[in-house]
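Student: For the record, the sequence lines run as chains H and C.
Per our numbering, the first sequence starts with residue 1, numbered consecutively.
Per our numbering, the second sequence starts with residue 218, numbered consecutively.
FYI, nobody ran anything at the bench for these hints, they're computed from the structure.
Predicted model only: the values in this text are computed from it and were never measured.
Be aware that one or more of the hints could be misleading.
What the hints assert, rightly or not - In silico negatives: residues of chain C with every beta carbon more than 12 Å from chain H:
(1) Leu227
(2) Leu272
(3) Gly289
(4) Ala300
(5) Pro301
Stated by the list, open to error - Partner residues are not named here, just some residues of chain H that face chain C (Cβ under 10 Å, in silico):
(6) Ile41
(7) Pro44
(8) Ser80
(9) His97
(10) Thr98
(11) His99
(12) Glu117
(13) Arg121
(14) Gly123
(15) Thr129
(16) Glu159
(17) Arg172
(18) Arg173
Quick reminder that beta carbons are idealized off the backbone N, C-alpha and C, glycines included.
The chain contents come next:
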Amino acid sequence: VTGVVAPWGGLVWRTRSVGARRPPSGGSSLSRSELARAAAISHPAARARFVTGRRLLRELLLEVRPELLEEGIELLVEPSGRLQVRGHPELEVSISHTHGLVAAAVSTSGPVGIDVEPVGRGGLPPSETWLTQGERIQLAEVPEEDRRAWLLRRWVAKEAVLKAVPSRTLPRRRIEIAPDGDRALLVDGRGTPELETPTLRLRWHVVADRHLLALAR
Amino acid sequence: VTTTDDLRTLLLEVLADIAPETDASTVDPTEDLRDELDLDSMDELNMITRVSERLGIDVPEDDYPRMRTLDGAVAYLAGRVGAPAG
Chain H
1 VTGVVAPWGG LVWRTRSVGA RRPPSGGSSL SRSELARAAA ISHPAARARF VTGRRLLREL
61 LLEVRPELLE EGIELLVEPS GRLQVRGHPE LEVSISHTHG LVAAAVSTSG PVGIDVEPVG
121 RGGLPPSETW LTQGERIQLA EVPEEDRRAW LLRRWVAKEA VLKAVPSRTL PRRRIEIAPD
181 GDRALLVDGR GTPELETPTL RLRWHVVADR HLLALAR
Chain C
218 VTTTDDLRTL LLEVLADIAP ETDASTVDPT EDLRDELDLD SMDELNMITR VSERLGIDVP
278 EDDYPRMRTL DGAVAYLAGR VGAPAG
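Looking at chain H on its own, in the form it has when it is part of the complex (with noise of 0.2 Å):
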């Protein structure tokens, strides 16, 4: 089990390898309409993940409202594809797998992202389908043998940010990744900075050597 709690402002999240061993815990166990939902899924390994990433999430609303345990956690999912917390407004949750890892986060202090991919990944989209113009631009200049790693960075960014905002159908080419890696923008089809949203931070992992993890909030 691979696993780290961060307090950030109100916010925890952990990584779980899939199918990782756990001692059973009745406030972890998946809802009816989870187990339906995973008996769903055809993919074992996709079906793994589903299962390890809502008891990993279940653990971790516990930590932090202990009180879910009585009164039951009901996990809802937006049409967006964004999870909610029945009757819990105040938190925000989000879930990322990848192969062989699920990572969870929960925030009390306003909506989260989080992402992980494995450090080697590669095989990413043609950059014009997920960069800004900014970012080509900023690409061009990055050596050719640190393109991979920077590219997976943006990457994972922009799934993290994809999670935080509102609106998960946001173009990624809308979403612009600071050159430090530190923040993201949303900026219009131009490159032009939204002014009227804030901007969201990004926190960044590398996970037992193996998997880059991203937060935005």
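Once you've looked at the hints, dock chain C against the given chain H.
Tutor: Chain C in isolation, oriented as in the chain H frame:
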């Protein structure tokens, strides 16, 4: 002329390339491809990019959710390229 059968074949070819460890031809065409083939968001964008390149169309990100199932993707692409059934 590209038919809906051609579009289905194209999608299966692309999916077989993106998820070679799985058998895309056995997916339930009404279920979410991410669950059927263990795809993630990067795989999804790669699939859409390759299909749109092959068809010479641009798929806006707002339309990505319409391509989450095999049947949905065929129907969406058929509408975009004016493909007849068959």
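Student: Are the hints correct? Go through all of them and say.
Tutor: Now for the hints, and whether the structure bears them out:
no.	hint	in the structure
1	Leu227	18 Å, holds
2	Leu272	15 Å, holds
3	Gly289	15 Å, holds
4	Ala300	23 Å, holds
5	Pro301	29 Å, holds
6	Ile41	4 Å, holds
7	Pro44	8 Å, holds
8	Ser80	9 Å, holds
9	His97	7 Å, holds
10	Thr98	7 Å, holds
11	His99	8 Å, holds
12	Glu117	8 Å, holds
13	Arg121	8 Å, holds
14	Gly123	7 Å, holds
15	Thr129	5 Å, holds
16	Glu159	6 Å, holds
17	Arg172	7 Å, holds
18	Arg173	8 Å, holds
Going through the hint list in order, the structure satisfies each hint without exception.
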